[in-house]
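From first to last, the protein sequence lines are chains A and B.
End of the first sequence sits at 112 in the numbering used here; the numbers just go up one at a time, nothing left out.
End of the second sequence sits at 571 in the numbering used here; the numbers just go up one at a time, nothing left out.
Calculated directly from the structure, the hints in this document are not laboratory data.
Hints are supplied without guarantee of correctness; some may be wrong.
[Unchecked claim] Pairs of lysine-lysine, DSBU-like flavour, derived with a Cα cap of 30 Å:
1) A:32 with B:418
2) B:351 with A:34
3) A:38 with B:351
4) A:41 with B:351
5) A:48 with A:38
6) B:418 with B:318
7) B:95 with B:16
8) A:41 with B:418
[To be verified] These stretches of chain B come out as covered by chain A in the derived footprint (C-beta under 8 Å, 3 or more residues):
9) 368 to 381
10) 406 to 417
11) 423 to 432
C-beta: ideal position from N, C-alpha, C; glycine also.
Here's the letter readout for the chains.
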Amino acid sequence: MSQEPEDVKPKLNLNIAFDGTQITVKVKANMKFAKIFEAAEKRFGKDPGMMMVVLASLLFQQLHVSAIGTLRFTYEGNRVQPTQTPAELEMEDGDQIDAFLQQFDL
Amino acid sequence: GLYVALNSRDSPPKLKGVSPEFSKTLRLAHDLKISIRRRAIGSFFEWDRLDQAVGGRNLALGTKLHQQTRRSIARRQPALMSAIRKYNAHCTTLERLYNPACKVPLPQPLPTKLSELRDNSTLMEDVWTMASDKAPLWLEDADIRSGIHHMLRKERAVEERQRLRREAENLSRWLARELLAVELALRQPSNAPINVHLTRHRDRLLQLTSRWVNPIMSASSYESLANGAQKLASELTGGSASFEARRQCANGEEFDQELCPEAQGESLLCTNENLLKDTWLLKDNTDEQNDECTESLLLVSELLATEDDYMSVSLPDDTSTVQNTKMITLIWEKPEGVLADNFEINSQSLPPPSGPLTKSRALGRCLFLPQDICRLSQVGSMLDDVCLNGCAEVLKYYSDKDPNLATGSRRCALFTSHDLVRARYKARDEELWRIMSPSQYWSKDVWILPIHRPRQLHWVLCVAYPKYGTVLLYDSLVGRQFWSNDLKDVSNLFTRLVELANRFGHSMDLPTSGWVAQPVTMTPSQTNGYDCGLWVVAWIFATLRGCGNCNERWTEETMIQWRRFLTALIAGLPLRAAS
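Kindly produce the complete structure, drawing on both the sequences and the hints.
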């Protein structure tokens, strides 16, 4: 008899695109992006093509090992911080997030 | 008469209530001071000459001249010193005899040290030999003084305006003549072999006009200038220049052939034959060979164009499959007429830091975290995508606001270093359009595309002038062999951009072939392993300022200052509101 859907927090489907592939993650609006990023990186990290890029960067550059291989995420052109949540950015169901591999120079 | 003969004032000094002794000493002091001033200034000049090389300002004097100057200083020094001492003695006498009722200001003694004398403003003051009950207004009233300053400045400003107008008129007259000459040359059938060069020269001239727009000469006056030249040339020769032929000929390897001095019809037709893959098209072409050649050329090029369009438009729901890697031809020659920027790095002109560097900064869509600012500020660290794209965007933001730079900077579409990556992995149209369309690139004259080369861990820059089909390449290490790969991707990206713009209702009448890329930097400007990103930002800034290159004073050493400038720029951005 209870009206369940009303007190359950709505979940959002966010699309994350990287390197030509797209995944959809289902998240709570108040979930920190850090968690979402981690999941996305794991998913994209399986891509052998990207692993090679990461490995190559690792070989050439010992200085920034900690930062290597991490992705950057943008929403409508703005950088998304791991500490933010979808609710803060007023994201809606089906919104698109773009991910890039970090770029270093020589 | 007597006073004139004594090289003194026209009228006798009017002094009341002073002893003759005081009056005499005052006259002496007055004359002595004039002499001291002359000697002192001479001495300053001599010292300046001796010190002209201090701090690397000027060339060193040379031993002989140096010794000569020293000797002459030593010779003149005692006279000056004794004059000053004498003057100071006069001063003390005057002070002793001083009667306040006479209202003559007392002269102040002068310092005997040269450096103090130089800074002393009383050196330039005359000794008062008149009662000063009615001091002139300019001496008392600061407003009058500033009024005089402003009047003088206004006069100079009017003069300067006249000079600038004359200069602008000269420039436009030169441009009109030059444009007319090149338009005429384009219409001479005998010039067909150098058609490509002529057209590029004309394009460069036209490019100048947008840079030369100023309050005296508006963009429309330049436009009418260009149109006038075209019209006049057409009237004089009764023909029009065949640009289509140029575009066809400038395509790919055929470019060089076109430059051979052959008969126009033959050379152009044979290049077309190379281009044609379809035999029936070829037959059509040969049938028309007997007709007037320009006409047939136009026809062929139209046919080719439509065929090109079908190749890419009929396929696609999505342009990601577009393969047009030959749109841009690389010509390894420094382009002419690339303007050097006259920008001087001056961090003082920037706003002060808005807070400690451990706080994040934000401007529009740029976000700089503490680690980004740290990376940017540290000499020897490499710029990453955030620093590079962020700095470029902030520079564009400020240039867009600056009244002097806005016209140039607003003509530019600034892409990011991630955009070419998208072309490499063949992003879907929807994604490409979503990300690229905010720049409104279809309405811009300049496309700025920073490129990251992950293999070489290197930054380079590509600046396109789509209207003119010109692409300028910037690479601080001048790696010629790497460009051909990048240019393939750039070709694909630009082709898709043009097609997407057309599809979404912003018609871009741009050819997707026959573009020419040329390197601006022919000698490496970087020997260390970390400055390439800074160079790319510097070139982007020069482009935003309407120029094509940094000036020759920018060297590897300049990059340290440039880094400091950028850091100060970012530090001055508003702090990000804590969320």
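8 Å C-beta test of the region 423 to 432 of chain B against chain A, three or more residues: holds (count 4)
Holds or violated: residue 38 (chain A) to residue 351 (chain B), with C-alpha atoms at most 30 Å apart: Holds. Residue 38 (chain A) to residue 351 (chain B) sits at ~21 Å (cutoff 30 Å).
30 Å Cα cutoff - pair residue 41 (chain A), residue 351 (chain B): 24 Å, holds
Coverage claim, chain A over the region 406 to 417 of chain B, checked by counting residues with Cβ within 8 Å (three needed): holds (count 4)
Satisfaction of hint between residue 418 (chain B) and residue 41 (chain A), Cα-Cα up to 30 Å: 28 Å, holds
Satisfaction of hint between residue 16 (chain B) and residue 95 (chain B), Cα-Cα up to 30 Å: Holds - the C-alpha atoms of residue 16 (chain B) and residue 95 (chain B) are around 16 Å apart, at most 30 Å.
Pair hint residue 32 (chain A) and residue 418 (chain B), alpha-carbon separation not exceeding 30 Å: 26 Å, holds
Proposed proximity, residue 38 (chain A) with residue 48 (chain A) (alpha carbon, max 30 Å): Within the cut-off at roughly 16 Å; holds.
Coverage criterion applied to the region 368 to 381 of chain B (partner chain A; beta-carbon cut 8 Å; 3 residues): Our answer is that it holds, as 6 residues pass the Cβ test (under 8 Å) against chain A, meeting three.
Distance restraint between residue 418 (chain B) and residue 318 (chain B), which requires alpha-carbon spacing of 30 Å or less: Given pair residue 418 (chain B), residue 318 (chain B) holds - Cα atoms ~17 Å apart, limit 30 Å.
30 Å limit on alpha-carbon distance, applied to hinted pair residue 351 (chain B) and residue 34 (chain A): 29 Å, holds
Checked against the numbered hints listed earlier, the structure breaks none of them; every hint is satisfied.
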